[in-house]
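Protein chains: 2
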Amino acid sequence: MDYKQEMEQKGRLAKAAAKKLAIAGTNLKNNALLTMAAELITKQAEILAANQADIIWGQTNGLGKALLDRLLLTPQRIEDMAAGLRQIAGLPDPIGEGISSWTRPNGLEINKIRVPLGVVGIIYEARPNVTVDAAGLCLKSGNAVILRGGSEAIRSNLAIAKVLTQAVAKAGLPEGVIQLIETTDRQAVQVMLKANQYIDVLIPRGGAGLIKTVVENATVPVIETGTGNCHIYIDSDADLHKAHPIVLNAKCQRPGVCNALETLLVHEQVAEDFLPALLKDLATCGVELRGCQATKAIYDACAVATDVDWSTEYLDLILAVKIVRDIDEAIEHIVTYSSGHSEAIITENYSRARKFLAEVDAAAVYVNASTRFTDGFEFGFGAEIGISTQKLHARGPMGLEELTSIKYVVYGNGQIR
Amino acid sequence: MDYKQEMEQKGRLAKAAAKKLAIAGTNLKNNALLTMAAELITKQAEILAANQADIIWGQTNGLGKALLDRLLLTPQRIEDMAAGLRQIAGLPDPIGEGISSWTRPNGLEINKIRVPLGVVGIIYEARPNVTVDAAGLCLKSGNAVILRGGSEAIRSNLAIAKVLTQAVAKAGLPEGVIQLIETTDRQAVQVMLKANQYIDVLIPRGGAGLIKTVVENATVPVIETGTGNCHIYIDSDADLHKAHPIVLNAKCQRPGVCNALETLLVHEQVAEDFLPALLKDLATCGVELRGCQATKAIYDACAVATDVDWSTEYLDLILAVKIVRDIDEAIEHIVTYSSGHSEAIITENYSRARKFLAEVDAAAVYVNASTRFTDGFEFGFGAEIGISTQKLHARGPMGLEELTSIKYVVYGNGQIR
Chain A
7 MDYKQEMEQK GRLAKAAAKK LAIAGTNLKN NALLTMAAEL ITKQAEILAA NQADIIWGQT
67 NGLGKALLDR LLLTPQRIED MAAGLRQIAG LPDPIGEGIS SWTRPNGLEI NKIRVPLGVV
127 GIIYEARPNV TVDAAGLCLK SGNAVILRGG SEAIRSNLAI AKVLTQAVAK AGLPEGVIQL
187 IETTDRQAVQ VMLKANQYID VLIPRGGAGL IKTVVENATV PVIETGTGNC HIYIDSDADL
247 HKAHPIVLNA KCQRPGVCNA LETLLVHEQV AEDFLPALLK DLATCGVELR GCQATKAIYD
307 ACAVATDVDW STEYLDLILA VKIVRDIDEA IEHIVTYSSG HSEAIITENY SRARKFLAEV
367 DAAAVYVNAS TRFTDGFEFG FGAEIGISTQ KLHARGPMGL EELTSIKYVV YGNGQIR
Chain B
7 MDYKQEMEQK GRLAKAAAKK LAIAGTNLKN NALLTMAAEL ITKQAEILAA NQADIIWGQT
67 NGLGKALLDR LLLTPQRIED MAAGLRQIAG LPDPIGEGIS SWTRPNGLEI NKIRVPLGVV
127 GIIYEARPNV TVDAAGLCLK SGNAVILRGG SEAIRSNLAI AKVLTQAVAK AGLPEGVIQL
187 IETTDRQAVQ VMLKANQYID VLIPRGGAGL IKTVVENATV PVIETGTGNC HIYIDSDADL
247 HKAHPIVLNA KCQRPGVCNA LETLLVHEQV AEDFLPALLK DLATCGVELR GCQATKAIYD
307 ACAVATDVDW STEYLDLILA VKIVRDIDEA IEHIVTYSSG HSEAIITENY SRARKFLAEV
367 DAAAVYVNAS TRFTDGFEFG FGAEIGISTQ KLHARGPMGL EELTSIKYVV YGNGQIR
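Which chain is which? The protein sequence lines are A and B, in order.
Counting from 1 along the first sequence, just add 6 to a position and that's the residue number in the numbering used here.
Counting from 1 along the second sequence, just add 6 to a position and that's the residue number in the numbering used here.
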């Protein structure tokens, strides 16, 4: 079977499964999720063996240490994946929720209710835990899912998908609720991007290159996720005792994620008070510093930043630092370079806080808090399929609700126009 | 200036204008809308003269009668466009609305608020009233708009756009809030479809060919609108006194629109009672009938439908008719051929009504009412930018709310992870 036939066959199965899953009750879906969790534990030996084969392939083919770590599964990581599924089972079911209802003067009763999207396509890179996460979230929100993982993790993903599909069948849900594209041929992604007859929405999860490929080539609607060139602006009226730990946290706690700080903007009036101790602490944490000329004048042990630095999402222990004249220059810088993910101001000034929140256009804007909170769990959604950086459909952390659409159900008694 | 330069220039202006419009107060926006309405009336001579030139061009170049009628402007039609703007001014402003807010255990206060999409691109065909409608709806919802109309209406659209842009400037809004692409070069559309750095969302309004071009070629997120292959299923327990006028209304009241009926499905138990009188009345209204073999056996004066008929959106006085064994066959037919727009069941049976509403996947599903109600005005939205037939972001009639996105505004007091 070539990749086109595979897509055709899985697309058809997914469509049929989605139709049944859309009307499946909450108990049935939760039972399937708990069965999936139990079977992951019971059958972990198969999964770990497959993962070991991926790891050996990765070592032989020169995968980097970070990538190998993301690829690695352990009994603990499998338990974490199972725990994630149990947690999803415990979340409220978004499907069938009445969003609003009203009666028109002619007596028509209109109900706006939450329904699944249908078939969701997830295209992702080397982390096999995404296979479990995405399958669980899609199932709970009533969507059939077609998964396409990275070739490095194909053995792990096949083993996981086998366990999950057996579990959903055991729980009484149709074949086709969870499917993994088995071919590692890159052309399969191209076919998936244009499979409008089978896939309702595509969600790419991975690096900038993957996202770009999907956005540029898909005819299926896409939810763009992920790129975060995040800024924190330290205002002249900032409480520097709050600012210092916030910057350290936003840069260092987990530098490889999209809500981590990439460029620090500091009002010139507080730069000399604030920067030396902060930059020293950052350097102690291993952060490489790249400052504007004014920053370098205050703290000589930093490199000089170029335009490339302002627009780079490092995803690493590197920080760009710029001293600005005022909040307007800070906002102007953010408008120019921001990817619209998460932006923060540190200030005690009421009007400038309001101005920043209103004028900075991003999924999440903060006063006096770390950008690291832009996250489905931190927001209290109980789950996350990704963080949308587009404005259509979903913006910011996406939980179960963002995996749904709506439908108008209209009750009449003979109305005509 | 070539079309690429025009897109660049207008894109930049739109981005800058959107930033200001996003924080413009409701009074300022309403005042701009009322000024636009007033100036359309004051300057109607210019608009009518330009329209006359379009009409002459259209006659010379063989435009059909229907197209010429859609292109034609009259003082009454200009008054209608102005009235539309006044009505939009009277609608609630969606921007700034708090959708929900909650406080996390760590004290972070999260607010989900409604914000504009940013820059909306509208690509449409020969109706110059869309220029006014779309500009008004985008302005009220805080979005800058870039309009690209059909070449047949270019003189009318230029005249209208000139009046509108002067009016918004007079009201104190920035240049770039409303812009029309002036070149009629078709390549300009291709550039617009990929202008991700300037346009946040594209909404095509027009025929199937236009929609297809946009969906297949755009890298900017698209809201797909319009195709409606709508069905009405007459159940064995239908009240035929309700069914008869509903079918007549759904097919004949305005056959050229997307929510009009295209295929009638009739339960075999009621076909002989129901169809002869109905089909005769439809024929009297000028409807051409294309039935399945069983339909033809009952009503000989109809043509025999082929597979093409089941999948065609006629947008004309033509109706396909199929007799089905039961509700399952009806739903199966709808699942196979529906474009997911509007679908209705006529029945007095409680369980079958519920089954139909649950299992038919469309933007609007009806019991005992005409499909013609799927419309922003009929739903009570007070306005409509189109009817979405996709599941992402908006589904069904789109009013002001569907032209917005959201933003998370987070208040902290020093929180870190």
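By construction, these hints were calculated from the structure, which means they are not laboratory data.
Hints are not guaranteed to be accurate.
Stated by the list, open to error - Dumping the calculated DSS-like pairs for lysine-lysine here, alpha-carbon to alpha-carbon at most 30 Å: (1) Lys200/A with Lys176/B; (2) Lys10/A with Lys118/B; (3) Lys218/A with Lys26/B; (4) Lys218/A with Lys176/B; (5) Lys361/A with Lys118/B; (6) Lys176/B with Lys361/A; (7) Lys10/B with Lys25/A; (8) Lys26/A with Lys218/B; (9) Lys26/B with Lys21/A; (10) Lys25/A with Lys361/B; (11) Lys218/B with Lys361/A.
Being a predicted model, the structure only gives us computed values, none of them experimental.
Cross-check of the supplied hints:
Among the hinted pairs, Lys200/A with Lys176/B is inconsistent with the structure: their alpha-carbon atoms are about 46 Å apart, more than 30 Å. About 42 Å separates the Cα atoms of Lys10/A and Lys118/B, which puts this hinted pair outside 30 Å; it is violated. At most 30 Å may separate the alpha-carbon atoms for a hinted pair to count; Lys218/A and Lys26/B meet this at roughly 29 Å. Of the pairs offered as hints, the one joining Lys218/A and Lys176/B is violated, with about 41 Å between alpha carbons and a cut-off of 30 Å exceeded.
Among the hinted pairs, Lys361/A with Lys118/B is consistent with the structure: their alpha-carbon atoms are about 17 Å apart, no more than 30 Å. Between Lys176/B and Lys361/A the CA atoms are separated by roughly 26 Å; this keeps the pair inside 30 Å, and the hint holds. Restraint check: the Cα-Cα separation between Lys10/B and Lys25/A comes to about 44 Å, which exceeds 30 Å; the hinted pair is violated. Between the alpha carbons of Lys26/A and Lys218/B the distance comes to roughly 29 Å, so the proposed pair stays at or under 30 Å and holds.
At roughly 44 Å between alpha-carbon atoms, Lys26/B and Lys21/A are farther apart than 30 Å, so this suggested pair is violated. Between Lys25/A and Lys361/B the CA atoms are separated by roughly 13 Å; this keeps the pair inside 30 Å, and the hint holds. Proximity of Lys218/B to Lys361/A is assessed by CA-CA distance (about 42 Å); at most 30 Å being required, the pair is judged violated.
Violated hints, in rising order: 1, 2, 4, 7, 9, 11; the structure is consistent with all others.
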